[in-house]
Each structure stands twice: as C-alpha cells, then as structure tokens.
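K.L.:
One line per chain: the protein sequences are A and B, in this order. Its first residue numbered 31, the first sequence is counted upward by one per residue in this note's numbering. Its first residue numbered 23, the second sequence is counted upward by one per residue in this note's numbering.
These aren't lab readings, by the way, just hints derived from the structure by calculation. It cannot be assumed that every hint is accurate.
[What the hints assert, rightly or not] DSBU-like cross-link-like pairs, simulated, lysine-lysine; straight-line CA separation at most 30 Å:
(1) Lys77(B) to Lys142(B)
(2) Lys130(B) to Lys206(B)
(3) Lys133(B) to Lys283(A)
(4) Lys283(A) to Lys112(B)
(5) Lys258(B) to Lys283(A)
(6) Lys202(B) to Lys117(B)
(7) Lys128(B) to Lys113(B)
(8) Lys283(A) to Lys113(B)
(9) Lys142(B) to Lys283(A)
(10) Lys202(B) to Lys285(A)
(11) Lys113(B) to Lys43(B)
(12) Lys77(B) to Lys285(A)
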Amino acid sequence: MSLTRIYGLFLRHFYLITRSFPRILDLVYWPSIQITLWGFISNFFATYTTYYNNAVGVILTCAILYDFLFRTSIGFNMLFLEEIWSRNFTNLFIAPMRIGEILTSLVITALIRSLIGLVPAILLTSPLFGISILDLGIFLFFLFLSLYIFGITLGILVSSGLLRFGPSFENIAWSTMFLLAPFGCIYYPIETLPEIFQRIAYVLPLVYIFEEARNILINQTVNIENVYYAFMWNAFYFSLSIGLFYYSFNAAKNKGTLINMGE
Amino acid sequence: MKNLIEVKNIKKNYGKKEAVKGISFNVEEDEILGLLGPNGSGKTTTIGMLLGLLKPTSGQIFINNLKLEENRIEILEMINFISPYIELPKKLTVKQNLFVYSKLYKVKNIKERIEYLSEKLRIGELLNSITGELSSGQKNRVSLAKALVNEPKVLLLDEPTASLDPEVGDFVRTFLEEYKKEKKISILLASHNMNEVTRLCKSVLMMKNGEIIDQGKPQDLITKHGRTNLEEVFLKLSRSKSEFN
Chain A
31 MSLTRIYGLF LRHFYLITRS FPRILDLVYW PSIQITLWGF ISNFFATYTT YYNNAVGVIL
91 TCAILYDFLF RTSIGFNMLF LEEIWSRNFT NLFIAPMRIG EILTSLVITA LIRSLIGLVP
151 AILLTSPLFG ISILDLGIFL FFLFLSLYIF GITLGILVSS GLLRFGPSFE NIAWSTMFLL
211 APFGCIYYPI ETLPEIFQRI AYVLPLVYIF EEARNILINQ TVNIENVYYA FMWNAFYFSL
271 SIGLFYYSFN AAKNKGTLIN MGE
Chain B
23 MKNLIEVKNI KKNYGKKEAV KGISFNVEED EILGLLGPNG SGKTTTIGML LGLLKPTSGQ
83 IFINNLKLEE NRIEILEMIN FISPYIELPK KLTVKQNLFV YSKLYKVKNI KERIEYLSEK
143 LRIGELLNSI TGELSSGQKN RVSLAKALVN EPKVLLLDEP TASLDPEVGD FVRTFLEEYK
203 KEKKISILLA SHNMNEVTRL CKSVLMMKNG EIIDQGKPQD LITKHGRTNL EEVFLKLSRS
263 KSEFN
C-alpha cells in the first residue's frame, strides 16, 4: 500500500470537487433536502393521524403524479445529457436546426419516455392495491398536463444550465426535483409548512396540483381555482425557461461552451 | 473563382484573453485551404466561429455570400464538419445515424444518398453495425459520410486523419481530393500532418497566438523560408519569437 498513490488518487477527485461549484452544491444540499422533506412528512402524520383515513390511495396517487413529474423532467435532461456523453453535442448544434425545433423534439420525446414508464405504474396499482388513479376523473388529464408542463420547464431550465456551464452542471440535473419536493406539498397539505416556506410554495404550480389531487380524492369536490393557478404559474415558468434557454445558447456562443462540450 | 468562405477581420476575446486577433482570409470554390499553427494558436476558435458555435467579438463571416450572423440556418444547411473530438451516437447503428442526420439536414433522397456515400467511403458492410463498436478508421469514414450527407458546399475538417493508420489516412486524403474535384467544394483543413497539408492544400495560413503570421502556397513558403519541407517551415515559425509575440 502506497500512501502517496492513495493521496494522489484522492487529490484527483478532490481537485474536481473544489473546481466545480455545482459539485459542491450537490454535496451540501442532498442531506438538507432529505431531512427537510421527511421532517415535514413525519410532522404532518404525527399531527393529523386521521387525515387520510377515508381516502386510501391518496398517497399512492400523489406518488404516481410526482413520479410522472420526475420522469418528465429527468427524461428531458437525459436526452440533453446523452448528447454530451456521446460527444454528439457539436454535431447537433452545427446541424441546421432552430432552437425551437430542438426543444420541440426533446419535449415530444420526453413525453413518450414518461408515458412508457407511467402506463405500467397505473396498471399495477389496481390489481396490487385496489386503487385506480382514474378516480380523479376528467381532472386527471389537467393535473397530468400541468405536471408535464412543469417537468418540461424544469428540464429546459437545467438544460440551459448545461449549455451555459457545461457538463459540470450535470449533478444539478439529477437533483432539481428533490430540491422542489419539500415545497411541492406532495404528501402533505401546505399548512404543514412554516409560513415562509408556504410563500415559496404558493409561487410554484406543484402545490396547486397536489392540493387539488388530494381535494378530489378526499373531499370528492373540484376546486377549479387550483387548476387555474397551476396553469398560470406554469405559463410563467415555461416562458421564463424558454427565454433562459435562448439566453444561455447565446451566452454559450460567447463563452465557447458549445465547442468544448463533452470534452 | 468565387469565394465560398470570406472571413473579414474577425476577433474573438474570452474576457481579456484575445484568442483570435482580427484575421481575414478567403477560400475559393474548388480549393482546399490549410489552417496550420501550434496548439492554442486559434485554429479551433476560428473553425468554431465559421460553424456558428462561437460568436466573434467583431468582424464578419460570409459563406457563399451570405452573412453568417443573419443567415445561420441557411448557412448550416450548406456546410459540414468533422473532427476526431466529436462523435456520432455510439449506440445507434451506422445506418440509423446517417438516417437521423439526413433528416436533420432535410436530405431529399436519403436512401440514394446513403447508398452513394456507402459505396464511395466503403462503409456498405458497416451500415448495420453499432457505431460505438467500430474501429477508429471505420468511425472516421462514417463521420465523413455524415459530414457529406447534405452535399455541403463548404467542408470544415479539424485533423481529419488524426489517429488513423497510413492506409486509411491515405484513403481519406484520396477521397477528399477526388470529392473536392468532382463537387467543386471548398475545404478548410486544420491539420498537424504537414505531408497531408502539402499534398492536399492549394495554399495555407500559418497561425500563431491568434494571428496569421504567414500564408501562401506550400512550396512558396518552403522556398521563402529556405527549408526543405513544410514541417520545417512550421517549426521555424512556431518557435520564432516574431514581432507578433
């Protein structure tokens, strides 16, 4: 055993970490996010033990909805990352494609990827747990559409980061969904969050989507306002993400990231 | 002869660092222009600007009389690029890759085009192979097929024969010579292989520290600098502490 060689290999990874802010961020926030999310879940169940008594399957339904969001967002990022990993990125950006064409193509592919994962999950819940997500009725479509738009929005935001900062932004791609999970109120009502977190949650479409899913399943009523606010915030963030993508593309052309991507 | 590439006083700065310091050159139809220079001299940055991957800090680029800044898509339709540093998706078959890129370049007769390139580049037997499993020489020919799928008027080559064995290298050079002659295209060739440059290029640009420090026909440069081959000229210019340093 050579301590020098061990130290040498340690340095190889240490230098990598210290030279990349996204990598440091990645190390720091994972534990914080996990503790925050599970802290709120535990807190909610300790306080409201009977909340879910009359609506078996609410948690499972929310889990499926969240997974759809997760798959859509990660799916979009994966498409972008695969071009970097395969060193095909430059080929793609020297092809005569407009940014809108690239985004549209990725959006459609991400949807198909998500549906491939979602359909078996929905089909499994009925025979295994006697629960059907279709209980959400016609509003299921709107909730899925809303989640899909937000998933794509997050994907575009992360891809903008990849364009601007290069492959070191990759770790952020994997963790955006977890960063938002505590604020999304996926498994608990928004009242569970401290007031300052509630303010953040209210400017995200997620809270309206999951509140509405629980409302339909538990109270058997529809609050159209939640659907409206979800779409309104989605429209805002989607427009923002498109603008940011164009900005990042131009910034990458100034900085030279498009040439070095994947190296 | 018509200029297919016109570069007018382009500069590229990264912060305070001047990567390219106001260079100008033209490439005529049916001409191969060599772009030579040591590592870090600005060759890749120049190619990046010609491909629209990099925005020049100042200056103008015209391809086939169209200004790049205002006609990016139209220009990208008529140019293409290969480099050993970029690859095609490894998990797709060669045929799938060529088909995908034919679609991206809106090639009309895809089947005929792939058949033509397969025959010319001797990749017919590789069409159903996984791209990632090919040898360097095979990958190079497939990349060349991708670069020609849109019948480009302008071809940018960054070290096209790097890491190839002499036989494949010679095949690629012969192919490029014949293709250029047949299609009257313009080729900008960045290479560290001086024999290749001497054989293929009508004229060369020598770059150093972001500037063009000399240019001319390979034989004229050899005579001018009193050397016996282009490699010696390259070494002399690269090592010199000229007025440009």
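K.L.:
Take the hints in turn and mark each one as holding or not.
P.N.:
Going down the list of hints, with the structure as the test:
Our distance criterion of 30 Å between C-alpha atoms is broken by Lys77(B) and Lys142(B), whose separation comes to about 35 Å. Between Lys130(B) and Lys206(B), the direct Cα distance comes to roughly 21 Å. Compliance with the 30 Å bound is thereby established for this hinted pair. Under the criterion of a C-alpha separation no larger than 30 Å, the hint pairing Lys133(B) with Lys283(A) is inconsistent with the structure, at around 34 Å. Between Lys283(A) and Lys112(B) the CA atoms are separated by roughly 26 Å; this keeps the pair inside 30 Å, and the hint holds.
The straight-line distance between the Cα atoms of Lys258(B) and Lys283(A) is roughly 34 Å, outside the 30 Å bound, and the hint therefore fails. Of the pairs offered as hints, the one joining Lys202(B) and Lys117(B) holds, with about 24 Å between alpha carbons and a cut-off of 30 Å not exceeded. Between Lys128(B) and Lys113(B) the alpha-carbon distance is near 23 Å, which keeps this suggested pair within the 30 Å criterion. Of the supplied pair hints, the one linking Lys283(A) and Lys113(B) holds, its CA atoms being roughly 28 Å apart against a limit of 30 Å.
Distance hint between Lys142(B) and Lys283(A) is unfulfilled; the C-alpha atoms sit about 35 Å from each other, more than 30 Å. For the hint pairing Lys202(B) with Lys285(A), the CA-to-CA distance comes to about 33 Å; that exceeds 30 Å, so the pair is violated. Proximity of Lys113(B) to Lys43(B) is assessed by CA-CA distance (about 41 Å); at most 30 Å being required, the pair is judged violated. Taking the CA atoms of Lys77(B) and Lys285(A), the gap is near 8 Å; set against the 30 Å cutoff, the hint holds.
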